[in-house]
Amino acid sequence: MSQTKSNAPWLLSAPAIALFVALLLAPMLMTAVLSFNVFDYNTGIKNAYTLDHYIAVFTDDYYYEVFWRTFWIAAVTTGICLLVGVPEAYILSRMKTPWRSIFLLIVLAPLLVSVVVRAFGWSLLLGPRGIFNQISLALDLGNIKILYTEWAVIIALVHVMLPFMIIPIWTSLQKLDPGVENAALSLAATPFATLRRVIFPQVVPGILSGSLIVFGLSASAFAIPGLLGGRRLKMVATVVYDEYLHELNWPLGATLALILLVANLVVMLSYNKILERKYQKSMGVA
Amino acid sequence: MNKNGPIALLFNGLIISFMLAPLVIVCLVAFTPGNTLTIPTTEFSLRWFAAVFDHSDFVTAFWNSLWLAIASASLSTAIAIPAGLAITRFQFKGRDALNGLFLSPLIVPHLVLGVALLRLFSLIGATGSFGWLILAHTLIVTPFVLRLIVAASSGMDSHCEDAARSLGASRGTVFWRVTLPMILPGVTGGWLLAFINSFDEVTMSIFVTSPVTVTLPVRMYMYATESVDPLMAAVSALMVALTAGVMVILDRLYGLDKVLVGEK
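From first to last, the protein sequence lines stand for chains A and B.
Just so you know, we're using my numbering here: the first sequence kicks off at 1 and counts up by one.
Just so you know, we're using my numbering here: the second sequence kicks off at 1 and counts up by one.
For reference, chain A alone in the conformation it holds in the complex (with noise of 0.2 Å):
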């Protein structure tokens, strides 16, 4: 590699860039402005400027609740996806060969399909004529309707979340060295010691590039509350399609669409600087 003050490598990135500032960056400067364009339900967007839609998101209690519910929503779904998917990971890591890639590769393939084939394979298994109610029914408990509620949303999203949890833990596991976790054991350290205090620490970073990845994804999805969540459970995602597609009130569904991105990015980064604190703390570096 060369350091070099020509322009060849501008030149041979040309059509990238060109592609990304016209459909990327410019774009998204046109939703932020539009944001603060005036709507008017008659005749629509005008070319004035005002704060109405930030304040009416601020300051309706439906907006506070819609993104409340969306952010508990990714939460969990994180923290489902970090209690099944370490425990997953780790277990795969201690395959032996021939299982360990055919486990790996299906709990990873389902990412290859699309979505909404996912979500309606849930919408069969947890709709009334679906396996849990009829394990419900056989036992004489009674209908119960996880469909169109919270918990068919999240059940549904760890399902599509999980691989993008283990994928970066898987990595980290790979790099981690076997001979440290038998030292650990031959020095009389309990299995759980050893799992505690010498393999979890060197999976930190897998975990919480997993759980970034999960949480944003969560927050911003579409189609999991759209089909699962039916008509009245609504996440910002489904909010901002009845926006821009139903009421035609453009500029505010920009408006909520930029305010998810900017507090995506807010508790994305904040949760990177609280982990990497500790973290840093228990590897004993200030």
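Rather than coming from a laboratory, the hints here were simulated on the basis of the structure.
A virtual CB, placed ideally from N, CA and C, is assigned to each residue, including glycine.
Please note that a few of the clues may not be correct.
Stated by the list, open to error - Footprint (simulated), chain B over chain A, 3 or more residues, beta carbon under 8 Å:
1) 13-23
2) 29-40
3) 113-126
4) 141-153
5) 269-277
With chain A fixed as given, assemble chain B onto it according to the hints.
Chain B in isolation, oriented as in the chain A frame:
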């Protein structure tokens, strides 16, 4: 290596069933002979698969999705190869920023990209244009292609290029005869990953497609919100089958674990 205990294996079994359950149920229900969403027990029927092909909406949407995925995967490969080589072969000011820009569609929610592109398209009068839809999909799949190309070209021995050049090969010859063949597995892996991501994408597409350019996942989403019959299960089962097919090819060409987990 220490072995997993019985509890660990049971846990693994539960997770595996959890991951497979929605896909399996969709495929089973697709074979029902009845009119409701039930698992067939005594009789199996292909009537709902036949119904899919009679439903011209789904057929049109399928072709839209297929062409869109082929075009956007190809276009993004074409721009990601030079960009990827610029990032791996040169040390220049702004390199990290450029890399960050190219990977940013992974971080910006597709919902936000969807509303942003809808605004752009409506301002320039591009709503309902298939060409602009291809560009939009190219944007979201480029990070996947770029990552594999960067991995492949930083993994290859760049002395091969130096050797070819010192033997008098022109820049073009070096690229076509040395570099490209050596990074080809990464390029094809990236293309397929881009293809499948474009084919599956729903959140951004729902904002920027028109009734004419509607894609299969968007059509399915609309259908699922309006009606409940086994037709949806049959379409879903076909999508699962198609995805499985692409996965097998991807595995043969590049190694599925490498594509999904990322480069080692």
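Evaluation of the provided hints:
1. Closer than 8 Å: that is the beta-carbon criterion, and the segment 13-23 of chain A has 8 residues meeting it against chain B, so the requirement of 3 holds.
2. Closer than 8 Å: that is the beta-carbon criterion, and the segment 29-40 of chain A has 3 residues meeting it against chain B, so the requirement of 3 holds.
3. Counting residues of the segment 113-126 of chain A whose C-beta lies closer than 8 Å to any C-beta of chain B gives 13; at least three are required, and the coverage claim holds.
4. Counting residues of the segment 141-153 of chain A whose beta-carbon sits less than 8 Å from any beta-carbon of chain B gives 0, not enough to reach three: the coverage restraint is violated.
5. With 0 residues having a Cβ less than 8 Å from any Cβ of chain B, the segment 269-277 of chain A misses the three-residue criterion, and the hint is violated.
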